[in-house]
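Working from the sequences, and respecting the hints, build out all of it.
Protein chains in written order, with the working numbering: chain G, 3 to 135; chain D, 846 to 1130.
The hints are simulated quantities; they were obtained by calculation from the structure and are not laboratory data.
Computed from a prediction, not measured in an experiment: that's the story for all the values here.
Take the hints with a grain of salt, since some may be wrong.
[To be verified] In silico PhoX-like links for lysine-lysine, alpha-carbon gap of 25 Å or less:
| # | chain 1 | residue 1 | chain 2 | residue 2 |
| --- | --- | --- | --- | --- |
| 1 | D | Lys877 | G | Lys71 |
| 2 | G | Lys126 | G | Lys71 |
| 3 | G | Lys42 | G | Lys71 |
| 4 | G | Lys53 | G | Lys42 |
| 5 | D | Lys925 | D | Lys1075 |
| 6 | D | Lys1037 | D | Lys943 |
| 7 | G | Lys126 | G | Lys84 |
| 8 | D | Lys1128 | D | Lys1053 |
| 9 | G | Lys75 | D | Lys905 |
| 10 | G | Lys71 | D | Lys905 |
| 11 | G | Lys53 | G | Lys84 |
| 12 | G | Lys6 | G | Lys71 |
| 13 | G | Lys88 | G | Lys6 |
| 14 | D | Lys905 | G | Lys110 |
| 15 | G | Lys110 | G | Lys84 |
| 16 | D | Lys1053 | D | Lys1109 |
| 17 | G | Lys15 | G | Lys88 |
| 18 | D | Lys1053 | G | Lys15 |
| 19 | D | Lys903 | G | Lys75 |
| 20 | G | Lys71 | D | Lys1075 |
| 21 | G | Lys88 | G | Lys126 |
| 22 | D | Lys903 | G | Lys71 |
| 23 | D | Lys903 | D | Lys915 |
| 24 | D | Lys903 | G | Lys110 |
| 25 | G | Lys53 | G | Lys88 |
| 26 | G | Lys6 | G | Lys110 |
| 27 | G | Lys113 | G | Lys19 |
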Amino acid sequence: MDFKVIEERRNNKIIFKISDDNILFTSCVPNTEMTIEDGKESTRISAEMVKYEPRPLLCDLTNVVRMTKECRKHFAGVDHAKTFNKAALIVTSPISRLIGNFFLGLNKPLKPTRLFNSNEEGLKWLREDLNRP
Amino acid sequence: MVKNDDPRLTQILDMIGKIAALEFQGQLPTSKHNDVVDAIILGLNMLNEELQANVVEKSKLSHINEKLEKFALTTAHDLKSPINSITGLLTLLDYSLKSGNKTETAQYVTMLKSTTEKMKELVVNILNYSRHSPEDLNIELIDMASTIRQITSIDRTDRFAHIRLQEPLPTVQFNPPALIQVFRNIFSNAIKYSDKETCEITISSLEKDNHFEIRVADNGPGIEPENQQKIFELFNRIGPAVEADSHGVGLASIKSILASFREKIWVESFPGNGAIFCFTLSKQR
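And the structure:
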């Protein structure tokens, strides 16, 4: 993946990496169950890393096995849209694809959000705007 | 590979049946395989949760609709009384103008002003009450004795009843327009059904652990035990209610107001010995 990491942080569930072109990449440890507390903590750390300027998000959901309704609602809402201006969700397992589809269909996130099968595809879409003159 | 004898498939079918019957209990456990069946189970669990939330939301909306319907009836009921007074006063004013009796004319004009003021205040109170859901209503510290004196002075209740306060009455946390509406309805009820030369109304309070019990006693005909619950139902026209031209809305509306604040109202009565309308007001809100 063409992604030059300039800063990395992690907590007990999520690994956060930011690239030199200000794209935040998040991935989870295996069998992660995301609750509203995890969601808020994730947004807080992400906001610090993007220095409170909305940036693109590449989010690998592959290892997520459960995400509560409240957590999905949070990721679809205002606070998350203040931190990220578009989001590419990577869904490579049946469960992560299901969570991604629920998120798009039921929660209707405020920021432009799409599902992808690979990091490369997601990054390409995220960089479309960045490369625009 | 999913096998037909995988026990999870039976669980899935059972859950689909339960969801179809709008039974939203529990969630199916997922295994550690994280396979397609687990994805289906997770999907069902999520759908179950979303559907349950929608059903609860729908039930809340239906409750709000019912309340709106009741509110429209209550408003019409509360506005009818001053409109009747105005109609009567206009007729009297017409007579006095025709007969050239200036003293009476001035008197009726003063009464008309007072009645329209009362009606204006009622409309303000109703608007105040309807503007917000009970959760958002402004809660204030209310000196109950002075509130009752204010009501009796505005409504000129002394023309119809002798109202006695057994002081001290408590200072309570409640929404002022809502409390005024409760007392106003209980007083007008006592006056409407009074069968004595003088309607006597006594207000007292009992302090309990977590709440005050407010007691409004009258010397009216009392209420039969079998009707003591029914009088709080909407459109009840029980016994004297028919003769008193009641629409059976007043007590239902105050029960609804108090219920909105999780308070209770009931009546204690032995026929022939008056009635005591009791309601609770929590100390903490």
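Each hint, compared with the structure:
Taking the CA atoms of lysine 877 of chain D and lysine 71 of chain G, the gap is about 21 Å. The hint holds against a cut of 25 Å. Among the hinted pairs, lysine 126 of chain G with lysine 71 of chain G is inconsistent with the structure: their alpha-carbon atoms are about 29 Å apart, more than 25 Å. Of the supplied pair hints, the one linking lysine 42 of chain G and lysine 71 of chain G holds, its CA atoms being roughly 13 Å apart against a limit of 25 Å. Only pairs whose Cα atoms come within 25 Å are accepted, and lysine 53 of chain G paired with lysine 42 of chain G is accepted, the gap being roughly 16 Å.
For a cut-off of 25 Å, the pair hint linking lysine 925 of chain D to lysine 1075 of chain D stands: about 23 Å separates their Cα positions. For the suggested pair lysine 1037 of chain D and lysine 943 of chain D, the alpha carbons sit about 32 Å apart, so the restraint of at most 25 Å is broken. A hinted pair counts as satisfied when its Cα atoms are at most 25 Å apart, and lysine 126 of chain G with lysine 84 of chain G qualifies at roughly 22 Å. Of the supplied pair hints, the one linking lysine 1128 of chain D and lysine 1053 of chain D holds, its CA atoms being roughly 9 Å apart against a limit of 25 Å.
Between lysine 75 of chain G and lysine 905 of chain D the CA atoms are separated by roughly 20 Å; this keeps the pair inside 25 Å, and the hint holds. As the CA atoms of lysine 71 of chain G and lysine 905 of chain D are separated by approximately 20 Å, the hinted pair is consistent with the 25 Å bound. A threshold of 25 Å between alpha carbons decides the hint, and for lysine 53 of chain G with lysine 84 of chain G the separation of about 11 Å falls inside it, so the pair holds. Between the alpha carbons of lysine 6 of chain G and lysine 71 of chain G the distance comes to roughly 33 Å, so the proposed pair goes past 25 Å and is violated.
Straight-line distance between C-alpha atoms of lysine 88 of chain G and lysine 6 of chain G comes to about 19 Å, which keeps the hinted pair within the 25 Å bound. Between lysine 905 of chain D and lysine 110 of chain G the alpha-carbon distance is near 23 Å, which keeps this suggested pair within the 25 Å criterion. Restraint check: the Cα-Cα separation between lysine 110 of chain G and lysine 84 of chain G comes to about 16 Å, which is no more than 25 Å; the hinted pair holds. About 14 Å separates the Cα atoms of lysine 1053 of chain D and lysine 1109 of chain D, which keeps this hinted pair within 25 Å; it holds.
Proposed proximity of lysine 15 of chain G and lysine 88 of chain G is supported: the alpha carbons are some 22 Å apart, at most 25 Å. Distance restraint check for lysine 1053 of chain D and lysine 15 of chain G: the Cα-Cα separation of roughly 51 Å exceeds the 25 Å cut-off, and the hinted pair is therefore not satisfied. Simply put, lysine 903 of chain D and lysine 75 of chain G have alpha-carbon atoms about 19 Å apart, close enough for the 25 Å limit, and the pair holds. A C-alpha spacing of about 43 Å is found between lysine 71 of chain G and lysine 1075 of chain D, which places the hinted pair above 25 Å, so the restraint is violated.
Among the hinted pairs, lysine 88 of chain G with lysine 126 of chain G is consistent with the structure: their alpha-carbon atoms are about 12 Å apart, no more than 25 Å. Note on lysine 903 of chain D and lysine 71 of chain G: the hinted pairing holds, with a Cα-Cα distance of about 18 Å set against a maximum of 25 Å. Distance hint between lysine 903 of chain D and lysine 915 of chain D is fulfilled; the C-alpha atoms sit about 18 Å from each other, no more than 25 Å. A threshold of 25 Å between alpha carbons decides the hint, and for lysine 903 of chain D with lysine 110 of chain G the separation of about 20 Å falls inside it, so the pair holds.
The hinted pair formed by lysine 53 of chain G and lysine 88 of chain G meets the criterion: a straight-line CA distance of about 16 Å does not exceed 25 Å. The straight-line distance between the Cα atoms of lysine 6 of chain G and lysine 110 of chain G is roughly 31 Å, outside the 25 Å bound, and the hint therefore fails. At roughly 20 Å between alpha-carbon atoms, lysine 113 of chain G and lysine 19 of chain G fall within 25 Å of each other, so this suggested pair holds.
Figure legend: structure checked against the earlier numbered hints; hints not met, in rising order: 2, 6, 12, 18, 20, 26.
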